[in-house]
Amino acid sequence: MEVFPLLLVLSIWWSRTWDSANADSIIHIGAIFDESAKKDDEVFRTAVGDLNQNEEILQTEKITFSVTFVDGNNPFQAVQEACELMNQGILALVSSIGCTSAGSLQSLADAMHIPHLFIQRSTAGTPRSGCGLTRSNRNDDYTLSVRPPVYLNDVILRVVTEYAWQKFIIFYDSEYDIRGIQEFLDRVSQQGMDVALQKVENNINKMITTLFDTMRIEELNRYRDTLRRAILVMNPATAKSFITEVVETNLVAFDCHWIIINEEINDVDVQELVRRSIGRLTIIRQTFPVPQNISQRCFRGNHRISSTLCDPKDPFAQNMEISNLYIYDTVLLLANAFHKKLEDRKWHSMASLSCIRKNSKPWQGGRSMLETIKKGGVNGLTGELEFGENGGNPNVHFEILGTNYGEELGRGVRKLGCWNPVTGLNGSLTDKKLENNMRGVVLRVVTVLEEPFVMVSENVLGKPKKYQGFSIDVLDALSNYLGFNYEIYVAPDHKYGSPQEDGTWNGLVGELVFKRADIGISALTITPDRENVVDFTTRYMDYSVGVLLRRAEKTVDMFACLAPFDLSLWACIAGTVLLVGLLVYLLNWLNPPRLQMGSMTSTTLYNSMWFVYGSFVQQGGEVPYTTLATRMMMGAWWLFALIVISSYTANLAAFLTITRIESSIQSLQDLSKQTDIPYGTVLDSAVYEHVRMKGLNPFERDSMYSQMWRMINRSNGSENNVLESQAGIQKVKYGNYAFVWDAAVLEYVAINDPDCSFYTIGNTVADRGYGIALQHGSPYRDVFSQRILELQQNGDMDILKHKWWPKNGQCDLYSSVDTKQKGGALDIKSFAGVFCILAAGIVLSCFIAMLETWWNKRKGSRVPSKEAPSLPNETTISERRNAWPLRPCLKLGGNTWRSQASGHGLHQSSQLGRPLDDP
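The numbering used here puts the first residue of the sequence shown at 205, with every later residue one more than the last.
Don't read these hints as lab results, they were simulated from the structure. A couple of the hints might just be wrong.
Dumping the calculated DSBU-like pairs for lysine-lysine here, alpha-carbon to alpha-carbon at most 35 Å [said to hold, decoys possible]:
| no. | residue 1 | residue 2 |
| --- | --- | --- |
| 1 | LYS242 | LYS579 |
| 2 | LYS1011 | LYS898 |
| 3 | LYS562 | LYS266 |
| 4 | LYS619 | LYS719 |
| 5 | LYS669 | LYS699 |
| 6 | LYS544 | LYS562 |
| 7 | LYS935 | LYS1007 |
| 8 | LYS517 | LYS266 |
| 9 | LYS719 | LYS669 |
| 10 | LYS719 | LYS410 |
| 11 | LYS898 | LYS935 |
| 12 | LYS699 | LYS667 |
| 13 | LYS371 | LYS444 |
| 14 | LYS243 | LYS578 |
| 15 | LYS699 | LYS877 |
| 16 | LYS877 | LYS935 |
| 17 | LYS266 | LYS565 |
| 18 | LYS1005 | LYS877 |
Given the sequences, and given the hints that come with them, work out the whole structure.
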């Protein structure tokens, strides 16, 4: 047998010595306590001392007692000690033990007719389970249950029903008998609730460490989801340690709601539990009425209770267990029953009973004493103590305390309601979600710089950086509406996050997984892998994959004026001018026209060519040709010239407005089919994983992604991929490269490029979206999602989008031509060729003029060696022209001479070469 502590041995010795000194007392009771119930013994002795000093109840009589301690799990020892007490002679037996020995004492009390007042005691403050004592309506049931029945099943069922829980987990400590909630489990199962059970070991730290060692991240996140709603059925000390461990290891989030139910929770325990927990906490405990008048707290009728038990400020009273209170009231109840028996003069003397003898008779006065006790009642520390027909105490009240949702430690606690078996729940319990008012809450935000979602707007040395962008505008809209503040920082590795070989995550997502940040925001897409480890709000913008390419460079063409016609066409036009000029000359030579009076134009080949060219460029001129054939020829030529000039004018205007240079890549399909331009994305990004999964999927019908994956995955992705998006953009700008990335980011880059050197292509179907990432199980997810939907519905989200993606930007997003959307004036480059042609003509004409001058001087300085046949000089001819009437033709001696309209001389058409004689 275990050796009792010295204090316990001395108390037993003192009690028995005191009993022998008062052997002449007619009131003697026995008490059996669990060996761990030291306070039960102290309170029992205090109660007897208080009553022996109260002469109004027992008058001159004094209560004597005998106390013994037993192992609560040893029924044989309990019976043996009870028999010894009965052998001494007792009027009643008081026991404060567990259920294991209670049944044996019940049988013994029934056999010996000794009133047995049983106070159920749980080990180390663990919640009680029903003892299952056999009750009958017969008169041989001498055991009275001082503590009310266990109503935990009824109370907790009503509470979870009010909270509308459908899925939760029940934690219980190693000392609790799980059979105590079997009725509750059966009832919630019938209602379709999903309930899990888990035993909390004594070494809680080792238990939590084992969870992290054996579970993957996905399993831990599912476990965290389960912990959002939990019921703790354990003693207060274990509950404090368990809450501390799960909070420090980030197994619970700020939206968790836990219920702790235990009759043995005092005010100190309540404050400590609230201080250590986060989220919402509901505490269910047994409560007792307290007199409103402070001066009457230690008085119950004509009886005064010791101040160490009734003063709430006394340390002993603050740490009393419920069994201590019921022990005091039990002694008070027995004293009143003894007083009643003394007044009625129906006293039955104590008898020494032997449990060992086979034919031992029970106490004759047992029935009368039992009836007196059952009919009596007192108002003590536990309120009204009385017994029903079944020998149980029906008076019990439960108090329901709780806190609101929040992340700060040490929140205030308030009373939510109360419950009793008669009226049920009195109060309203609702498990409200986090309200819209988040004022005073400071969130830690992690981000990744990505234009135009998040950008640094101001970076002053020694001051926090200021950020701007579309995502920052959305965050500010949420902050202004909900009232929270935030602190923002950039992810240390500047990555969005991807799973590592050891199962952990890096980047922005990793900051949320390891609880270093509350929310993450940037150009972060919602993917299944990320949703396994973090929570996302509803999408605030659609997402699609795009490609950024460099526009085809516009080359400077000095002869752009010639561009409307092809070189072959210009050659044909030039040949046509020469051909038509030659035909006109031949037609006139074959059929010489009649020249009108005063006409000075000759039909030489040079003049024919010059006339055809002048009519082609629409410069007009005299028409010297009067034959029908020539006129038909010139009519056709003028019509041809009209059509050619009109076509040239129209085509030149269109050509100078927009250059007709188009790229061959206009879609993702075009990109995947070509290999001249290499392309890639950010390594290990969401786009990289998206293309990889699509490209390696054998059931993917479109071969586009498999072709893209072969290009992107060259040299295991190191050849064509980059580490950051800005590196990919610079690679497009200064090299032969196409960058595959978020379409929204690429559109912003293309719109705001000062040189308009980019254009984008992409999918029109958005299969995903951008969202705000939060810790798994975050209480802010639903609140943020609701506000985002409101922003989309009232059009505020579209206003924010147009701020960063204007419809009328300076650059055309989708044109592969190096032009701006707004037309501009033509520059000198477009007409440089015209000026060159003019300059060439001027230079050529000057050169010819100098050549002609040189030729004429050389010809004029040449002296003839023999006088040639004289022709009429200009003076003679002029005189003759003035004297004679001009004739169109003179024929002398078979020779014909024609006059020139210019009057510069006569030309002989005959082959003889004889001059025309004077008349």
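Hints and how they fare:
Of the supplied pair hints, the one linking LYS242 and LYS579 holds, its CA atoms being roughly 30 Å apart against a limit of 35 Å. Of the pairs offered as hints, the one joining LYS1011 and LYS898 holds, with about 32 Å between alpha carbons and a cut-off of 35 Å not exceeded. For the hint linking LYS562 to LYS266, the alpha-carbon distance of about 34 Å falls within 35 Å, and the restraint holds. With a CA separation close to 32 Å, the supplied pair LYS619 and LYS719 stays within the 35 Å bound.
A threshold of 35 Å between alpha carbons decides the hint, and for LYS669 with LYS699 the separation of about 19 Å falls inside it, so the pair holds. Distance check on the hinted pair: LYS544 and LYS562 sit about 34 Å apart at the alpha-carbon level, within 35 Å; holds. Among the hinted pairs, LYS935 with LYS1007 is consistent with the structure: their alpha-carbon atoms are about 27 Å apart, no more than 35 Å. Distance check on the hinted pair: LYS517 and LYS266 sit about 31 Å apart at the alpha-carbon level, within 35 Å; holds.
For a cut-off of 35 Å, the pair hint linking LYS719 to LYS669 stands: about 22 Å separates their Cα positions. Our distance criterion of 35 Å between C-alpha atoms is met by LYS719 and LYS410, whose separation comes to about 21 Å. In summary, the hint linking LYS898 to LYS935 is supported, as the alpha carbons are separated by about 25 Å, within the 35 Å threshold. About 24 Å separates the Cα atoms of LYS699 and LYS667, which keeps this hinted pair within 35 Å; it holds.
Between LYS371 and LYS444, the direct Cα distance comes to roughly 23 Å. Compliance with the 35 Å bound is thereby established for this hinted pair. With a C-alpha separation of about 26 Å, the suggested pairing of LYS243 with LYS578 holds against the 35 Å cut-off. Our distance criterion of 35 Å between C-alpha atoms is met by LYS699 and LYS877, whose separation comes to about 30 Å. Annotation: proposed proximity of LYS877 to LYS935 holds, straight-line Cα distance about 21 Å (limit 35 Å).
Taking the CA atoms of LYS266 and LYS565, the gap is near 27 Å; set against the 35 Å cutoff, the hint holds. Only pairs whose Cα atoms come within 35 Å are accepted, and LYS1005 paired with LYS877 is accepted, the gap being roughly 33 Å.
Going through the hint list in order, the structure satisfies each hint without exception.
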